[in-house]
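Undergrad: Below are the chains, spelled out letter by letter.
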Amino acid sequence: MFLNLNQIKKSFFVSLWFMFLTFPIMVIRVNPIEKIIEWRWNNLLLVGVGSFLISILWNYMMQRRDYGSKAAESGMEKVPSMHRLMHDKRIYVPVLSVVGLITLIFPLVFSMYQTNILVTALIYVMLGLGLNIVVGLAGLLDLGYVAFYAVGAYTYALLNYHFGFTFWMVLPIGAALGALFGILLGFPVLRLRGDYLAIVTLGFGEIIRLILENWNEFSFGPSGIAHIPRPSFFGMDLSVYSATIYIYYIMIALCLFTIFVVNRLQDSRIGRAWIALREDETACQAMGIDKARTKLTAFALGATWAGMGGVLFAAKTTFVNPASFTIWESIIILCIVVLGGMGSIVGVISGALVLILLPEYLRAFSEYRMLAFGILLVVMMVFRPGGIVSDVRRTYQFKGSTRTKS
Amino acid sequence: MNMEPILKVQNLSMDFGGLRALDGVDLDVAQGEIVALIGPNGAGKTTFFNCITGIFPPTEGDVLITPPGKKKSKRLNGVKPNKVTEKGLARTFQNIRLFANMTVLENVMIGHHCRMHSGILGAVLKGTSTVREEAWVVENSYLILEKIGLADVVNEFAKNLPYGAQRRLEIARAMATDPFLLLLDEPAAGMNPHETEELDELIRKIREQEKISILLIEHDMKLVMSLSDRIFVVDYGRKIAQGTPDEVKNNRSVIKAYLGEDIDA
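Chains as they are written, first to last, in our numbering: chain A, 333 to 738; chain B, 11 to 275.
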């Protein structure tokens, strides 16, 4: 029972209060030319009804949340429904096959525009999964992640411009350079944590961008590098249309590869060491984990995916300039990880799809994009602080001293 | 049998700026012993632990270990904490420092970290050696939890355990690093008498069955007196007494440190 009289009364007063607050700007309009005052009473009604409904909804959600946390405290917590679905074979097998089928035929059914959007989203899935290693698993707040993305993109652009390297040659080089820069960033920040780490990584991201912007001889400055070839298909050059489809399939394959690797990593010796590092650095060291090495592997492996994503980005847009690698990109990728659910692969994927696809399909409301973004984040943090799909640790079943995995 | 003590600390001093937290402390632990380190609050006990386990490099003095079965002793000064653990000294913390958002089993699995070898490539490719190693870790972690009495909560999050169980999980995690000496920093802090009794049994069991020697800091005198073979007492960073529980109990300077000076004396 959630809709009692008390709450209706409370919501009613909330709406009254909002009508009063917004009265001057929503209702009165002074027309200085004709010197008349317009009274827009229907706006008042809209504000009243709107705030009343939102207030009721808010109360209801709050109640549900409190109920949920009480259940968790008393140990009655059920396995989160999302997670139950993910582990029920009858559900996830058909869902996965449908999703797989759709992704396979997507570019053949939908237009090039749609495919392009999805490729962008997939690049962000990869970036999100990479940053998830650093932020979600190892707990190192990295605000300069876009730097590695830029490194990847410029690796392809420059190696192609100067030496004519092809996409497939550069892809591993981009990944390796990403990892190298990850380690380069990792060394000076080994001793830092939390806010301090965030500030230094933020600075690192800006340094890379500023170098690209100002070192004209090296990176051609703000004008960027154009005419980067799309990936060729066994030596054949493809038309723009088929190249887009080709990139789409490459991207799907790379995403699957990323998911595979990250999934293997997070339940391995190294993955556990990352999580331990996130939970308690001192205890982690006292348990025999080399802190420096674990941090550096996290930075390096996280940056690897950004490097690859960068190469893909350069190949997709055929043009790179520093404007694509601003702090804003880092923030978006971080939002993907936080909103999706730190440490959870499914969460990060859904976070990337929501945050990249929604703005594309809601272009009509693009003026309100930032507003919607902010509201979404606040609401998420209030009701689902763990993200869309929160991380659940692997469990083991034991009978006597023998073990069966679950 | 006259063996080298497995842990021998000589003239250990630690300065924090102008403050001398430890001043020439000597201590030794023999194979199979339970040794207690006691002293009033702020005496420098935890600093002593931190110096031994590598969290602080000591200003002066030597920390020498001679692992059982080895003849040569090694100097531990300035060695990083993870290397100290690798060499066979495992510790617990005064304020519980578990990996709260990991399961009980995973906490113990982390303890095995330095005894494992699989790297990034191994984790991704999942070769036979990695699979075997993982199976071994899970099995062994479960065995340790069985010994400690936490086998029924292996899949709980560490943060959801009751306080006494968290303390015991810390010991289990430390045991997973396969140590020859266990350093327990106030293992009974905050426990009720019943839990303390269980802890007493557990520590004895660890010594008898696992052949692990124990050095512990503790304020619960009943536990200290019943468990320890020898006791070292520190006050203001200095060692003021050492000996068997009975000797220490009747030592004048120990009584003075704990109860204050008698006005008439």
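In case anyone wonders, no lab produced these hints; they're calculated from the structure. Among the hints, erroneous ones may be present.
Here are the simulated DSS-like cross-link-like pairs (lysine-lysine), alpha carbons at most 30 angstroms apart as the crow flies [stated by the list, open to error]: (1) K623/A - K84/B; (2) K18/B - K259/B; (3) K259/B - K341/A; (4) K623/A - K80/B; (5) K623/A - K259/B; (6) K18/B - K84/B.
A partial selection of chain B residues facing chain A, derived with a Cβ cut-off under 10 angstroms [said to hold, decoys possible]: (7) P15; (8) F26; (9) E156.
Values in this document were obtained by computation on a predicted structure and should not be read as measured data. Where is the CB? At the ideal position from N, CA and C, for every residue including glycine.
Undergrad: Looking back at the hints listed earlier, which ones does the structure fail to meet?
TA: 3, 5, 7, 8
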